[in-house]
Amino acid sequence: MASDSVGLDSVKSQILKDALYEEIKQHGSETRLFTQKDLIDLNIIPNNDVKQLLDIVQQLCNDKLLVGTTNHHAGLSWRWRSREEAKKYTSLPNDEAVMVYSIIDEAGADGIWNRTIKNKLNMHENVVKTCIKFLETKGYIASMKNVEHPNKKMYIKATLRPSERATGGPWFTEGELDTAFIAELEGIVFEYIKTKSAYRGSQPHTGGAASSSAGATKLPKKGAVTAADTTARGTKRSATEISTDDAAARAGGKSRAVFLPMPAGYKHYPTVAEIAKFIHDTGITNNTTLGEADIQQLVDVLTYDGLIEMVRVGRRRGYRVARAVKQDTVPFHKRQKEREAGVGLDLLPLIPGAEPLGNGLTEAPCGRCPVFELCEEGGPVSPSNCVYFLQWLELEDLPKAVAPSVPLPP
Amino acid sequence: MLVTKPVAELCALLIDELHGELPSRIFAILLSKGRSNLTQLAQYTAMTPRQVRHGLAVLQQHNLLFYHVDPSAEFASYEANADHAYNLVRTGKILEMVDTSFGPAAKDVMQSLLLSGQTRISDLVAAYREKIEQANQTAAIIGDDDDFGAETNGVNGDSQPAKKPGPLVKSTAHLNTLICRLVEAELIDVVHSKSFESPEDVLKTVEKEVMDKHFPAGVKGNKAKIELQERIAEGLRKVRGESKSLKRKLEQNGGSAAKRRKLVAGLGGANGVQDEDMDPALDPRQVIRINYEKCLVDLRNRRLAQYATDMIGETTAYVYGVLLKLLTKDLPRCRANPVMDAGDEKDESEKGTVCVTTEQILDNLKTSVDLSLGIGKAERRQVSSTAAEKIELYPPKKRVLIEEAEVDGEASADEDEGDNESSEESEYDSDYKAPATNGANGTNGVNGTNGTKVKFDESAAPKERRLDRPGQLRQHLLILSESTQRFVRHCGPDEWTVDFVPVMNSLREVELDSVIERTCGRQGLRLVRILRAKGKLDEKALPNVALMRKPELQQKMLEMQTAGFVSVQEVPRDLKADVKKSFFLWFCDVDRSLSRLLDTSYTTMVHCIQVLEALRQKERDVLETTKRTDVRGREKDTMRKSYYERYSRFLECERTLFAQVMRVDDLVSVLRDF
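Protein chains in written order, with our numbering: chain A, 1 to 410; chain B, 411 to 1084.
There could be a bad hint or two in this list.
[Unchecked claim] Calculated lysine-lysine pairs in the DSSO-like style (CA-CA distance at most 30 angstroms, straight line):
#1 K960/B / K152/A
#2 K944/B / K153/A
#3 K704/B / K152/A
#4 K991/B / K118/A
#5 K614/B / K277/A
#6 K990/B / K145/A
#7 K991/B / K120/A
#8 K118/A / K990/B
#9 K541/B / K614/B
#10 K120/A / K950/B
#11 K138/A / K153/A
#12 K25/A / K152/A
#13 K25/A / K153/A
#14 K153/A / K614/B
#15 K152/A / K950/B
#16 K133/A / K118/A
Source of the hints: derived by calculation from the structure; they are not laboratory data.
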């Protein structure tokens, strides 16, 4: 009789166990915590028998189907684990392996440092090592790299992908910031904003204020390049200079392609969402997905570089190119190709955007002089024996011996 | 002006360059020793009192000196006027500015004034009369205008060939007219007894007067203190106003003529001739000099227009230049004096800020300028007129670190109006609505090749182009007001003003940025601008924002720290102050960088002049030859070929170096004076 009731009980508890497990699964994801009250409210346990519930939960825990945790809001609570996962646990040969595996499991997508495992479990290093080795060969866990701590050996469950925090987001490839990728993408985003936020028109070649016939013709690409170049090099023209140009205000005939600023209140400056969509549509980043937040980061960097600026029109927050008129009308990637083909190698390295502004200080040798602080009349380095100045003034008759050994930084 | 070591050196060098070594030495001593009297000066300089007097006279003549006679003391004490000494470097720029806005004849008068210092009008007239007579006698002599003032120094005249034969100033009446015009523009003002006293002395006398007159029993209580301040400011203003007495007299006498001249101002000297008989004769005893403060206002206008050219485009910058000219017509100086103008500002806010209407700008634009240029075209529905026409009644508040919140509120407010509502806008706008959008479509230029669907409004026929000029002008103004630099504030329906302080701050920042970009590269600039936008930032947070590799970033930051653009602050996490655990916060102090930049600029200028001096030493033999009277003026024919080549190359270098000094001065003006 007694054995019968025990057998009946075990059958009954098996049924209850399965029922409870299935019901729990229905009620939330693997991260949801169930308190005792939640479990009773599921109405699986007859008569809300707490003792029986305890029994069944204990059995489920033994089967690794439920994981008990303590949480300071809810107190003791449980969350469920899938049967496949539970099987992994039950298939492990010893308790050490189970403990190591569970600690790695808990670390989730962030992964865990092997020394942390050792400290947390207070086990001998060798035991941990063998366990890890065993788990790795079984294919349950994998080693990973964290960007924040590149030297630490970390482990993660093999089924998980390392979190963004660990990989550093889309800008990292194998734990290294992928600057080439970023630079390339920056170029593309900048080019996109440039063409979308400025009007590509033409302007008479001779002077800004000169009037010319309306239907100005566009020059072939090559001519436009040189024209844009000369203006980019900074042919400074003040407004007053223009006003003296009155006589020269005849129709110049020649015109060059330029970018012109859009009228105030223009509503179609590209927003971050549009840029993200553009990047997505072009499919440049086929193996990394870039969210809007990532693009925002990129756009912010461009803003800090002074290449673009944020404009608010109404509630729309768009971006436009800074100093539109000074921009190169030839797309950046074409310039890059030209460079590769060997054009303009003597110029400065290619960077997107307009020629940076300069002033008197940046042009004089002093502004870039490495020994500026030391330079004084009567000192070891002085203006009267300055080699940089002689170079700058193109006084070439100096003897070669005095020529500076340190070239002036560009 | 804060006189630092490089400034003192620079001033001495400039005086040496223009007025010779004797005054330069005295000036340098005055700067280093402070206020001194004649005997002290003789002792410091190891010169005879006679020599010192000579030097002082020259300095006095050019307003490079303050003196003060204490009633109780027997001697006058002298003090260096470093501001004016520095202004010597701007001579060329001021002349060029006068040349473009008042014509070559006015420039000639200005040049004479610059060369001879403060001058009595009768002396100036006499000098010109002689010159005109001479020119009439020997009509073909070239370049006589350069000889005037040759007794001071000839070096600068060398590189300056006379453009036209015959005198630029045709008669004494013409001269009178020119002076009147310059006085009205405030570029010339009158010298009075107080102009030789240093500002501190003037302040002291005024203070004493006020105390004696109004507070014989001393100042008690806050109310009285405020009143004292006001009275002092008033007294100072009165002193300052004295130099404008001539202008006031002119305005009283010939109001109509002045008005008419204002309309044609800027069209060159040719028109000035007509006014001759209408100008009142000036009191020949008046002593006049150049008013650098007002010159600086005009120079600032030019710089700002240049800035707008760099940022937006030439046509827009031209419009901006005209706007600035109109706006600053009555602006006496770039920076308000904190003591004197405290009351002024209050008045200003009461009567509203100075502004210019679209009409006024339109009236002053050159007809040859095609306003349709320089703006992109967009369809009417692509442009939100409500956003563009937003009126900002008040100048922007001081820049806050996080500007988002503030802007958000505003944006949502005007978003409610929406685009559909544009028809419901107030009347003043509706007049301009149609031309504004037509203006955008006006030129049938090249069709848009960019991705935006730019189409042409067929109705906008080419012949309409000229007609909607006001609309085009408005477009330029709106672009200026929409720009991130806030060139212009749309302060009322069809009214425009400029908030100089924020615009100049942005210009200063741009100058700093370009120096950073040139010295530390674009990545350096990126980091500095991040710090500027975010305030202090932890070293660990920086790489994420800047998208740079950590080691590269650290190297760049160190480089910039050495250059003085950024600084680091160490904040320990706990009492132990473990370095490994401490936070390292990077930040950039813009003001400090700017003052450092200013000092670097002074030093650079000093170096340029010293390099020139070294070159002069090197080419001494050649230069001595050119000083001979038989060689002078005919260098090419009389000198040996190799010598002449060396000479011309030296002149080339001299020009380059002076030009460089001027360019650096552009930076100094932006940083310090504008």
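Cross-check of the supplied hints:
1. The straight-line distance between the Cα atoms of K960/B and K152/A is roughly 17 angstroms, inside the 30 angstroms bound, and the hint therefore holds.
2. With a CA separation close to 34 angstroms, the supplied pair K944/B and K153/A exceeds the 30 angstroms bound.
3. Restraint check: the Cα-Cα separation between K704/B and K152/A comes to about 67 angstroms, which exceeds 30 angstroms; the hinted pair is violated.
4. Proposed proximity of K991/B and K118/A is supported: the alpha carbons are some 24 angstroms apart, at most 30 angstroms.
5. With a CA separation close to 69 angstroms, the supplied pair K614/B and K277/A exceeds the 30 angstroms bound.
6. Restraint check for K990/B and K145/A: the C-alpha separation of about 23 angstroms stays at or below 30 angstroms, so the hint holds.
7. Pair hint K991/B plus K120/A holds up; C-alpha atoms about 23 angstroms apart against a cutoff of 30 angstroms.
8. In summary, the hint linking K118/A to K990/B is supported, as the alpha carbons are separated by about 24 angstroms, within the 30 angstroms threshold.
9. The suggested pairing of K541/B with K614/B is violated, with an alpha-carbon distance near 44 angstroms, which exceeds 30 angstroms.
10. Straight-line distance between C-alpha atoms of K120/A and K950/B comes to about 28 angstroms, which keeps the hinted pair within the 30 angstroms bound.
11. Distance restraint check for K138/A and K153/A: the Cα-Cα separation of roughly 19 angstroms lies within the 30 angstroms cut-off, and the hinted pair is therefore satisfied.
12. Simply put, K25/A and K152/A have alpha-carbon atoms about 36 angstroms apart, too far for the 30 angstroms limit, and the pair is violated.
13. For the given pair, K25/A sits about 35 angstroms from K153/A by alpha-carbon distance, which is inconsistent with the 30 angstroms threshold.
14. At most 30 angstroms may separate the alpha-carbon atoms for a hinted pair to count; K153/A and K614/B exceed this at roughly 75 angstroms.
15. Between K152/A and K950/B, the direct Cα distance comes to roughly 18 angstroms. Compliance with the 30 angstroms bound is thereby established for this hinted pair.
16. For the given pair, K133/A sits about 14 angstroms from K118/A by alpha-carbon distance, which is consistent with the 30 angstroms threshold.
Hints 2, 3, 5, 9, 12, 13, 14 from the earlier list are contradicted by this structure; the remaining hints agree with it.
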